[in-house]
Each structure stands twice: as C-alpha cells, then as structure tokens.
Amino acid sequence: MNTRDLALRISDLSSFEGYQFDCQPIPGETEVLQITLLEFEELPAFISVTDSQILCITYLFGEDEVNQASRGEMLEEMLELNIPMPLSSFAKLGDRYVVFGALSMQSSMEDICHEVVTLTENAVEAIEALEEFLV
Amino acid sequence: MSILRKIMTAVRGGAREMGELVVDANGTRIFEQEIKDAETHLRKAKQDLTDIMAKQMQASRQVESLSKEIAEHEKYAGQALDKGDEALALEIAEKISSLEIDLAEQQQVHDTFTGHVSRLKDLVKKSDRQIKEYERQLSMVKTTESVQKASAAITDNFASSSSKILSAKDSLERIKKRQQNNFDRLEAAEQLENENTDKSLADKMKAAGIGETSASASSVLDRIKSNR
Chain A
1 MNTRDLALRI SDLSSFEGYQ FDCQPIPGET EVLQITLLEF EELPAFISVT
51 DSQILCITYL FGEDEVNQAS RGEMLEEMLE LNIPMPLSSF AKLGDRYVVF
101 GALSMQSSME DICHEVVTLT ENAVEAIEAL EEFLV
Chain B
1001 MSILRKIMTA VRGGAREMGE LVVDANGTRI FEQEIKDAET HLRKAKQDLT
1051 DIMAKQMQAS RQVESLSKEI AEHEKYAGQA LDKGDEALAL EIAEKISSLE
1101 IDLAEQQQVH DTFTGHVSRL KDLVKKSDRQ IKEYERQLSM VKTTESVQKA
1151 SAAITDNFAS SSSKILSAKD SLERIKKRQQ NNFDRLEAAE QLENENTDKS
1201 LADKMKAAGI GETSASASSV LDRIKSNR
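These protein sequence lines are chains A and B, in that order.
For the first sequence, counting from 1, position 59 maps to 59 in the working numbering; every step adds exactly one.
Basically the working numbering = 1-based index in the second sequence + 1000.
No lab work stands behind these hints: they were computed from the structure.
Keep in mind that a hint or two might mislead.
Computed list of lysine-lysine pairs in DSS-like fashion (alpha-carbon distance at most 30 Å, straight line) [unchecked claim]:
1. Lys-1046/B to Lys-1176/B
2. Lys-92/A to Lys-1044/B
3. Lys-1036/B to Lys-1132/B
4. Lys-1125/B to Lys-1046/B
5. Lys-1055/B to Lys-1006/B
6. Lys-1044/B to Lys-1204/B
7. Lys-92/A to Lys-1169/B
8. Lys-1206/B to Lys-92/A
9. Lys-1055/B to Lys-1068/B
10. Lys-92/A to Lys-1095/B
11. Lys-1225/B to Lys-1206/B
12. Lys-1046/B to Lys-1006/B
13. Lys-1044/B to Lys-1149/B
14. Lys-92/A to Lys-1126/B
15. Lys-1121/B to Lys-1055/B
16. Lys-1006/B to Lys-1206/B
17. Lys-1225/B to Lys-92/A
18. Lys-92/A to Lys-1075/B
19. Lys-1046/B to Lys-1121/B
20. Lys-1055/B to Lys-1126/B
21. Lys-1036/B to Lys-1169/B
Listed next, the stretches of chain B that the computed footprint assigns to chain A, with coverage defined by at least 3 CB atoms under 8 Å from CB atoms of chain A [stated by the list, open to error]:
22. 1063 to 1074
23. 1138 to 1145
Glycine residues also receive a C-beta, built at the ideal position from the N, C-alpha and C atoms.
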C-alpha cells in the first residue's frame, strides 16, 4: 500500500467511526499524507509508508512550548503514559514532541483509519494531560 | 557500536545521510546490494548442502552394504573351514580383505561428507542470522531516514502554506471550543425539538377541548358572581 492508493481510498470514505476525514498529499522527497479529522483540524495526522511499516505521526508541541523547569517531570510522565495510551506512543522528532503509531504493511484500510482516529484522540488527550507542563 | 547508538549519534549530529551509518562510507543502497549478495551466497550454500547431504547418504548406504557383504563372506569362510576346504577359505578371506579396503575408503568418504555437511550447516545458520541482523539494521536506518525526510516535508509544507503551526494550548482551546459549540448546538436543537413537541401536543389537546381551555369572559363573570 503506498500513500497515493491510501489517499484515493480515504477520499472515497465519507466517514469512519463517526468522523469525517480530509486527506491531502504533501509533496517532498518522501511521500507524506496529511489526514485531518474535521473536528480536530488543528491536530492533523501524517502518514508515511516505509519499506517495512506504515507510520502515523501527530505533532503535539515544540520544545519552546515546554516549561523547562518541569521538563524532567514531564518526560517521566510521558514514559508513564506510554503504555496506557492505546495504540500510540510518545516520541520526539527534532525539537517537536509527537505521538505516533506504527502499523504493519499488511494493515487493512480499516486498521489505518482506526489508527488515525485513535492517534488524533490520543493527541488531544495527551495535550490535555500535559498542559500543566507547557508555558 | 549498536545500530541504535549510531542512529542516536547521527540524529544528535543532525546527519541527513543515514545510509553512511550502516557500514562506514557505504550508502544504504550498497548495503542493500550486500544483503542481496549474501542472500545469493546463502541460496548457493543451501544448494551445495543438499547436494552433499545426498552424497553423504549414498556413502552411508555403501558403507552399510559393504559391511553386510563382509559379514556374509566371514560366514562363508567359516563354512569353508568347517568343511575343511582351506584353499576356498583363503580365497574368501582375500575377497573379504579387498572388501575391507573398499569399506575403509567409503567410510573415509562418508566421514569427509559428514564433516562438510556439519560445516555447511553451521555456515548456513550463521549467514541466515547475519542477513536477518543486516535487514534489521537496514530497516531501522531506513525508518529513521524516512521519518526525517517526512518530517522535513511536513515542516516545509507548513512554512510554504499560509497555515502556521499553532501552539498546543491554542489548538486544544480551539478544539474544546468547537466541541462545546457542537454540543451546545445539539442541546439547543434538542430543546427546540422538545418545545415543538410540547406545543403541538398542547394545540391538539386544545382543539379537542381537553385540558386547560382558555377561560371565556362569561365564565370569568360567573366565577366572580358565585364568589360574592
């Protein structure tokens, strides 16, 4: 499954688990798909397909938004929350904190859509949970 | 150094060409070629292994049949001795001696093949593990590389489009406001729906002359009179 196939199939989908999707390919060296749930347009999920897995990433906040005084505490909190958070994990890309989920290449369309919905909901939950550590 | 450590160092150093990590000065593509070559070798080694195993089995059958033949001829020699035919016994003994030479040869061939088989099996196992390890490393490096590129594409896209990255707090606030709005709208719609139902019911009851009917002037006057 490549991102173009995925984009076409997601655009055909009117709604999934009660959410409407907006799907946009992002040009660049690696193909990336931006999928937005209409209700959560501020927190888009980005999908890229590598040789071995499908990666879904949602950006949470930048290092500059983190209150540096309680940063260690926040990182520990993130580690603690990693397991309870369904299907997604915390990670950091450059200077941005993210939540991500990795799927096998054999994943179905439903698996991917379910992942995107869960990831977005997790992102909202995570920001809410970690809000106290942000400036 | 473990591949994860290498990746960590490279990411900290802001490396763009992840391929260099795997084998010093070798790109990912060269590494992929090396894995492919190793797989070709492995296939060849497995082919050799099956050939040699077949030969080993042949030798083993030879050894078995020669041993049986020797045992039979020893029996015949004994029978010749029993009959007092020393000359025949000697001839049989010569045959046994030549069979034993053959047996020793076959035994040696068999042992050599057995040695080959065990060495090749070890080699195949080691190559298998090596290839799996290479593939694991390559997959980690490629994933890191791909995520870096994807991340760059996303950032570039944000930079080029008018939409800017909101702070997490602002995003959360907007999302919550939107959810509250949606919720309020639903609630309002529901209320309206309820009111409509109530009103239409009241209208129907009034039309049927059931329930509270509006008091007419004459009935009010009657009430006042009766209260006096």
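Taking the hints in turn, this is what the structure says about them:
no.: 1; hint: Lys-1046/B to Lys-1176/B; result: 62 Å, violated
no.: 2; hint: Lys-92/A to Lys-1044/B; result: 44 Å, violated
no.: 3; hint: Lys-1036/B to Lys-1132/B; result: 12 Å, holds
no.: 4; hint: Lys-1125/B to Lys-1046/B; result: 10 Å, holds
no.: 5; hint: Lys-1055/B to Lys-1006/B; result: 46 Å, violated
no.: 6; hint: Lys-1044/B to Lys-1204/B; result: 91 Å, violated
no.: 7; hint: Lys-92/A to Lys-1169/B; result: 18 Å, holds
no.: 8; hint: Lys-1206/B to Lys-92/A; result: 68 Å, violated
no.: 9; hint: Lys-1055/B to Lys-1068/B; result: 20 Å, holds
no.: 10; hint: Lys-92/A to Lys-1095/B; result: 82 Å, violated
no.: 11; hint: Lys-1225/B to Lys-1206/B; result: 26 Å, holds
no.: 12; hint: Lys-1046/B to Lys-1006/B; result: 33 Å, violated
no.: 13; hint: Lys-1044/B to Lys-1149/B; result: 37 Å, violated
no.: 14; hint: Lys-92/A to Lys-1126/B; result: 36 Å, violated
no.: 15; hint: Lys-1121/B to Lys-1055/B; result: 15 Å, holds
no.: 16; hint: Lys-1006/B to Lys-1206/B; result: 84 Å, violated
no.: 17; hint: Lys-1225/B to Lys-92/A; result: 87 Å, violated
no.: 18; hint: Lys-92/A to Lys-1075/B; result: 83 Å, violated
no.: 19; hint: Lys-1046/B to Lys-1121/B; result: 8 Å, holds
no.: 20; hint: Lys-1055/B to Lys-1126/B; result: 23 Å, holds
no.: 21; hint: Lys-1036/B to Lys-1169/B; result: 49 Å, violated
no.: 22; hint: 1063 to 1074; result: violated (count 0)
no.: 23; hint: 1138 to 1145; result: holds (count 3)
When held up to the earlier numbered hints, the structure conflicts with 1, 2, 5, 6, 8, 10, 12, 13, 14, 16, 17, 18, 21 and 22 and fits the remainder.
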